[in-house]
Amino acid sequence: MTKLEWVLIKNLKNYPEREVEVKGWLYNKRSSGKIVFMIIRDGTGLLQCVLMKKDRPDLFEQAEKINQESSVIVRGTVREEPRSPGGVEMQLTDIEIVNIADNYPISLKEHGVDFLADRRHLWIRTPKQSALLRVRSTVEQACRDFLHQQDFVLADAPIITPAACEGTTTLFEIDYHGEKAFLSQSGQLYNEAAAMALGRIYCFGPTFRAEKSKTRRHLMEFWMMEAEAAYFDFEDNLKLQEGLIYFIIRTVLDKNKEDLKVLNRDIEKLEAVSLPFPRLSYTEAVEVLRNKGREFEWGNDFGAPDETEISTNFNSPVFVHRYPTKIKAFYMKPDPSDGKVVLGADLLAPEGYGEIIGGGQRIDDLTLLESRIREHNLPEEAFAWYLDLRRYGSVPHSGFGLGIERTVAWLCGIEHVRETIPFPRTLYRLYP
RNA sequence: UCCUCGAUAGCUCAACGGUAGAGCAACCGGCUGUUAACCGGUAGGUUGUAGGUUCGAAUCCUACUCGGGGAGCCA
Numbered sequence: 005m006t007k008l009e010w011v012l013i014k015n016l017k018n019y020p021e022r023e024v025e026v027k028g029w030l031y032n033k034r035s036s037g038k039i040v041f042m043i044i045r046d047g048t049g050l051l052q053c054v055l056m057k058k059d060r061p062d063l064f065e066q067a068e069k070i071n072q073e074s075s076v077i078v079r080g081t082v083r084e085e086p087r088s089p090g091g092v093e094m095q096l097t098d099i100e101i102v103n104i105a106d107n108y109p110i111s112l113k114e115h116g117v118d119f120l121a122d123r124r125h126l127w128i129r130t131p132k133q134s135a136l137l138r139v140r141s142t143v144e145q146a147c148r149d150f151l152h153q154q155d156f157v158l159a160d161a162p163i164i165t166p167a168a169c170e171g172t173t174t175l176f177e178i179d180y181h182g183e184k185a186f187l188s189q190s191g192q193l194y195n196e197a198a199a200m201a202l203g204r205i206y207c208f209g210p211t212f213r214a215e216k217s218k219t220r221r222h223l224m225e226f227w228m229m230e231a232e233a234a235y236f237d238f239e240d241n242l243k244l245q246e247g248l249i250y251f252i253i254r255t256v257l258d259k260n261k262e263d264l265k266v267l268n269r270d271i272e273k274l275e276a277v278s279l280p281f282p283r284l285s286y287t288e289a290v291e292v293l294r295n296k297g298r299e300f301e302w303g304n305d306f307g308a309p310d311e312t313e314i315s316t317n318f319n320s321p322v323f324v325h326r327y328p329t330k331i332k333a334f335y336m337k338p339d340p341s342d343g344k345v346v347l348g349a350d351l352l353a354p355e356g357y358g359e360i361i362g363g364g365q366r367i368d369d370l371t372l373l374e375s376r377i378r379e380h381n382l383p384e385e386a387f388a389w390y391l392d393l394r395r396y397g398s399v400p401h402s403g404f405g406l407g408i409e410r411t412v413a414w415l416c417g418i419e420h421v422r423e424t425i426p427f428p429r430t431l432y433r434l435y436p
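Each residue of the first sequence is one higher than the one before, counting from 5 in our numbering.
None of these hints come from the bench; they were simulated from the model.
Please note that the accuracy of each hint is not assured.
Within a straight-line C-alpha distance of at most 20 Å, the following computed DMTMM-like cross-link-like pairs (lysine to aspartate or glutamate) qualify [what the hints assert, rightly or not]:
1) Lys-132 x Glu-262
2) Lys-14 x Glu-84
3) Lys-273 x Asp-258
Start from the sequences and build out the full structure, keeping to the hints where you can.
Rendered as structure tokens:
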């Protein structure tokens, strides 16, 4: 017997009337005594296989034994079939059982989040979860492709850090051979050093926040793509950000059409996003809130409901820029035309998905940065190396951080960020 | 840390002070084009834990445990 070509399910439409091989797992089976339908998944899609008892009684008997999530290699002829989900169907000529599964815990019926979260290692096999993870993969790759096109260099930041970068948030503490250390909450300060070396750089990795946040927008461990560019001013920075987000959307629309369909995503909402993105100063955003009848004092930070209120006025993500100095990080550069605000901007996703980017221009003046570190009561020794960047050829520079999970949640139109990462770390849940 | 909701069969839920039940999954049987297939049958329970009220508690009360959603903080 000649060896058949191994074809991925997503490519089967290119093999009409050909006999090929598919390697995967049984997703579902329907049988009526004389005919059996086996739905096979291989990570790229679902394939319906059909077998008549009268054609191959031996194979039919074997098919009866195969249960949900058993691993199988199937061989047969591919043909177009409108009644089959996916449009193509395989007429079976051979079944090779790799492993018969034990009784599989996740049925095709509904389950609660608690049950599924405890079985995340199996939950990711379902069509919706697989679709989310494929979109995530596209988003991450699109980030890299876009930045490399713009001559950015990947410079990974450390995950173990000696001190709290920004001094504000709660960090996970670890024992570093007897010394106190922390899991990184941001690669930004290291990015600034790398940008002074390589010009335009980015890092891409996990970041950690130990705050007891328990909402659909928070994880204890999440992924950020943080870019930093020497000689980029505030305006250059915003242009880069909107270009990146737009590129990500177009790439996902191009590469993940089937996944977005599985996720039931309203694609028109994504297609409506256009350049340039709208911009609102913090002060204008406060006015928007007040005009909607909300009480809001200038100088306070926006809460999640405020962000939703602001972003629902637009089809595209919206930049909110020039926040009051005291509610932003110590390294933010003051606006030369208004000392009360800084050249920082957050990008708010539409449909209430909240902040997906935070960024801005950094302070490049040594004296000012020193006084800001003192004002924020930060340990000066820990920032000595950071101050060096202003001592040896300081230049204007800007950067930002993109939250991957929130971006994927928005693009896929799902409720909770925990489903956009293979193995989420949430408050009170460390397993699996 | 605070507010709020929840925990009953493997799963999703019902029973709301009076003998714990259904659908799905499992197991047995039937069915020639199924779409979370369908039809018949079998088996499956110390109602999260501890205490209290009551003739009687899954149901009412208290505490605890575990979890969901939200606030703050942030991406």
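Right, here's what the structure says about each hint:
1. Lys-132 x Glu-262: It holds: about 11 Å lies between the C-alpha atoms, which stays within 20 Å.
2. Lys-14 x Glu-84: holds (14 Å)
3. Lys-273 x Asp-258: holds (15 Å)
Consistency with the previously given hints is maintained throughout, with no hint failing.
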